[in-house]
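Residues per chain are reported as follows:
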Amino acid sequence: MRAFAAILWKDLLVEWRGRDRLAAMGVFALLVVTVLFFAAPPGPLPSQREHLPGLLWVAVVFASVLGLNRSFALELENDALSALALAPVDRGWVFLGKAMASLVVLLVVQALTSLVFALFFDVDLASVAGRYALVAFLGALGLSSIGTLFAAMAVRTSYREVMLPLLLLPLLLPVVLGAVRATAGLLDGEGLLFEPLQLLLVSDGVYLIISFLGFEYVLDE
Amino acid sequence: MSDGAGEPAIRARALEKRFGPVTALHPLDLDVAPGATLAVLGPNGAGKSTLLRMLAGLARPTSGELRVAGDGDGRAARRRRVGLIGHATFLVPALTARENLRFAARLHGLADAEARAEHWLAELDLEGAADRRSGTFSRGMAQRLSIARALITEPALLLLDEPFTGLDPDAAERLASRLADADRRSGATTLLVTHDLARAAQLADQALVLARGRSHGLDEACLADATVLTGAYHDAVSALQGPRG
Amino acid sequence: MGLLIASYAIVVGAVAGYALHLIRERAALLRQLETASARGDAGPTQHGG
Amino acid sequence: MSDATLPSQTSLAGTSSLLQRTTGALCLLLAAVWAIAVVQAPVDRVQGIVQKILYVHPPCAFAAYLGFAMTAFYGALYLWKGDERHDQRARAAAGVGVLFATLLLLTGPLWAKGTWGKWWSWDLRLTLTLLLYLVYVSYLLLRSFTEGSERAARFAAVYGIAGLMVIPLNYFAIDLAGGRSIHPENLERGSLGAGMSLPFWLGVAVAIVAYVHLWLRRTEVEHLRGLLAAREATMAHRDDPGGASWDS
Numbered sequence: 714m715r716a717f718a719a720i721l722w723k724d725l726l727v728e729w730r731g732r733d734r735l736a737a738m739g740v741f742a743l744l745v746v747t748v749l750f751f752a753a754p755p756g757p758l759p760s761q762r763e764h765l766p767g768l769l770w771v772a773v774v775f776a777s778v779l780g781l782n783r784s785f786a787l788e789l790e791n792d793a794l795s796a797l798a799l800a801p802v803d804r805g806w807v808f809l810g811k812a813m814a815s816l817v818v819l820l821v822v823q824a825l826t827s828l829v830f831a832l833f834f835d836v837d838l839a840s841v842a843g844r845y846a847l848v849a850f851l852g853a854l855g856l857s858s859i860g861t862l863f864a865a866m867a868v869r870t871s872y873r874e875v876m877l878p879l880l881l882l883p884l885l886l887p888v889v890l891g892a893v894r895a896t897a898g899l900l901d902g903e904g905l906l907f908e909p910l911q912l913l914l915v916s917d918g919v920y921l922i923i924s925f926l927g928f929e930y931v932l933d934e
Numbered sequence: 054m055s056d057g058a059g060e061p062a063i064r065a066r067a068l069e070k071r072f073g074p075v076t077a078l079h080p081l082d083l084d085v086a087p088g089a090t091l092a093v094l095g096p097n098g099a100g101k102s103t104l105l106r107m108l109a110g111l112a113r114p115t116s117g118e119l120r121v122a123g124d125g126d127g128r129a130a131r132r133r134r135v136g137l138i139g140h141a142t143f144l145v146p147a148l149t150a151r152e153n154l155r156f157a158a159r160l161h162g163l164a165d166a167e168a169r170a171e172h173w174l175a176e177l178d179l180e181g182a183a184d185r186r187s188g189t190f191s192r193g194m195a196q197r198l199s200i201a202r203a204l205i206t207e208p209a210l211l212l213l214d215e216p217f218t219g220l221d222p223d224a225a226e227r228l229a230s231r232l233a234d235a236d237r238r239s240g241a242t243t244l245l246v247t248h249d250l251a252r253a254a255q256l257a258d259q260a261l262v263l264a265r266g267r268s269h270g271l272d273e274a275c276l277a278d279a280t281v282l283t284g285a286y287h288d289a290v291s292a293l294q295g296p297r298g
Numbered sequence: 002m003g004l005l006i007a008s009y010a011i012v013v014g015a016v017a018g019y020a021l022h023l024i025r026e027r028a029a030l031l032r033q034l035e036t037a038s039a040r041g042d043a044g045p046t047q048h049g050g
Numbered sequence: 002m003s004d005a006t007l008p009s010q011t012s013l014a015g016t017s018s019l020l021q022r023t024t025g026a027l028c029l030l031l032a033a034v035w036a037i038a039v040v041q042a043p044v045d046r047v048q049g050i051v052q053k054i055l056y057v058h059p060p061c062a063f064a065a066y067l068g069f070a071m072t073a074f075y076g077a078l079y080l081w082k083g084d085e086r087h088d089q090r091a092r093a094a095a096g097v098g099v100l101f102a103t104l105l106l107l108t109g110p111l112w113a114k115g116t117w118g119k120w121w122s123w124d125l126r127l128t129l130t131l132l133l134y135l136v137y138v139s140y141l142l143l144r145s146f147t148e149g150s151e152r153a154a155r156f157a158a159v160y161g162i163a164g165l166m167v168i169p170l171n172y173f174a175i176d177l178a179g180g181r182s183i184h185p186e187n188l189e190r191g192s193l194g195a196g197m198s199l200p201f202w203l204g205v206a207v208a209i210v211a212y213v214h215l216w217l218r219r220t221e222v223e224h225l226r227g228l229l230a231a232r233e234a235t236m237a238h239r240d241d242p243g244g245a246s247w248d249s
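Residue numbers (our numbering), protein chains in the order written: chain A, 714 to 934; chain B, 54 to 298; chain C, 2 to 50; chain D, 2 to 249.
Isolated chain A (complex conformation) (with noise of 0.2 angstroms):
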């Protein structure tokens, strides 16, 4: 347990030491943001603005995957994975400290592209403003949990900036179709939908299960 909140201490004292990292992640979000909306422009009608909340998570995601990436790579310095790996500790509670610490980062950024993709596109975020958090931070922890798991097997692959999303992106689907629908259902003002919610709370746990068990196997030489 000591073992997991040092990681997390490390990680967040990491990250914020290395505040210019995170901007850069935030740019990144703005600049997916500023492409989707030439990309595909919101019409005035509800239909034509069906779209929207599909476009906001795939900012999110690819911000995501951008920073998972780099939480490894920052591991692969001095070879702390192996210290990492020499813990006498379950790795179980490793990847909870990465995983937590990813979460973390995921959900500044996540808040950072929210808001641009709200003035952007004119989308009235406010009034939904408790129950999109709580939909925002479930995706994140789906993402940050088994984005956490294939990153630490990415990084020490010979191919490393394609391999995490390659792992990644095919799992996403549940996730992110949860998020995307449970949001869609907050901006018609159905309110919070059980199904999406359902489905999200059920693949986060699925997902938290497969990495803490898995890590052990991941982290080894």
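Hints are computed from structural coordinates only; laboratory data are not their basis. All figures in this text were calculated on a predicted structure; none of them were measured in a lab. Be a bit skeptical, because a hint or two may be false.
[Said to hold, decoys possible] Derived contacts from chain B toward chain D, CB cut-off under 8 angstroms, selection only:
1. F72
2. V75
3. R113
Backbone N, C-alpha and C define an ideal beta-carbon position, used for all residues, glycine too.
Following the hints, position chains B, C and D against chain A.
Here is chains B, C and D on its own, set in the frame of chain A:
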């Protein structure tokens, strides 16, 4: 270096490691007395770091038995009593020396991380740079910090993976004296993997030669001095590799 | 009708083709193993105990 | 160096193992009976002759899903036991599984074109298969991009298991996204007309036996490759002692 008759610190019986059909380490028997320093010598690819990684609990033996005194259940328990110093320093550049040591201690689940960090900063006379980020350290200072990082958890088994590579002679000399001094004080059983036969003769009580996964123990007489050791080493290597097997 | 024929042709063709490919590859590997061990015979094929 | 004798599976140097030959013969026999049954099956009044793709398209799904289940199964066995043979079986299962998934994704649109006039539809089953296909292509890519056979095997095993566990999630996700199924009929017996179930289930049997046959052969090829790689590693090592270092 106590070589009490008691239960050996490291006991290996027919220890073997295979990567698929390739045998990295042939069946090896080994006994190392508590507190003793064993030098593991041999050319590249002989299986030295395979043996080291199995001792560190990072890799599982394919067959045979490997016991380190005080072995609890599972590899995590083994990793609690192991300290590893290698070419990689395991340091986090963005953290200061003090934070690196505290992190290492907490990673091992030690409660008094702050006190230990202060102690080992003094031990390796790094107080001056305690609050400087380790990313700005010279190679010598980084090496000292990585020694402190390994010893802060008071390992019963200290594994040194070619610590002298890339060091100029006097830096190597300083490191050798620090290691001997830290080893004597901590009483840890030490395993020194190196090519540097002079250092091996200077620091080790026992020696083992590995070549292409096969092992051959040298008796203590060989460790009298570097020249004797070099002779014994080359005989052992050619015996193990064999002209045509 | 053409679509029907095409789909059956694709499936049967792919399965049969892959089986033949694997048989050929197996034969090639066995040959390489033999030459390797033949070449190895000049020296010891293995350093076995 | 363990004795690199020929693999135990191959009884004689030339001929393949008994198991491989029996599954091969069984597959051919079943295929013949299946072909006859397909030809004799009644032509569907609504869709016409193209409906007979029913006897080849869904059977590939059985084989593909069997493949991915075995990939995860042998992957888990490898993680637990560490025996390299399990890893070879997992890799073979994925390879053959992807082959059948490809056939599924080829025959699907042919059928769709034949009955509704458009090649692709985001229908529940097709989307699920496409997703699964992407997962297992990533599985094979992960293996080829990871150095160190032991590490590649471990990573692939974890990813194979994750891939399998996400299938039910994908099913609900697509269902939630209104993946109204325009698949003409579902697989339950009820939907098969008179005289259609025999060719259908024969088709499934042929697909599964073909899968097992290809899987056995592919496993043996993986095993032979391992032996060859090991042989070359020792050769290279003897010629240049300081060279190939596998415990880098």
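So, going through the hints one by one against the coordinates:
Given the 8 angstroms rule on beta carbons, the hint for F72(B) holds: about 6 angstroms separates it from the nearest Cβ of chain D. For V75(B), the shortest C-beta to C-beta distance to chain D is roughly 5 angstroms, which falls under 8 angstroms, so the interface hint holds. With a cut of 8 angstroms, the hint placing R113(B) at the interface with chain D holds, because the nearest CB-to-CB distance is about 7 angstroms.
Of the numbered hints stated above, none is contradicted by the structure.
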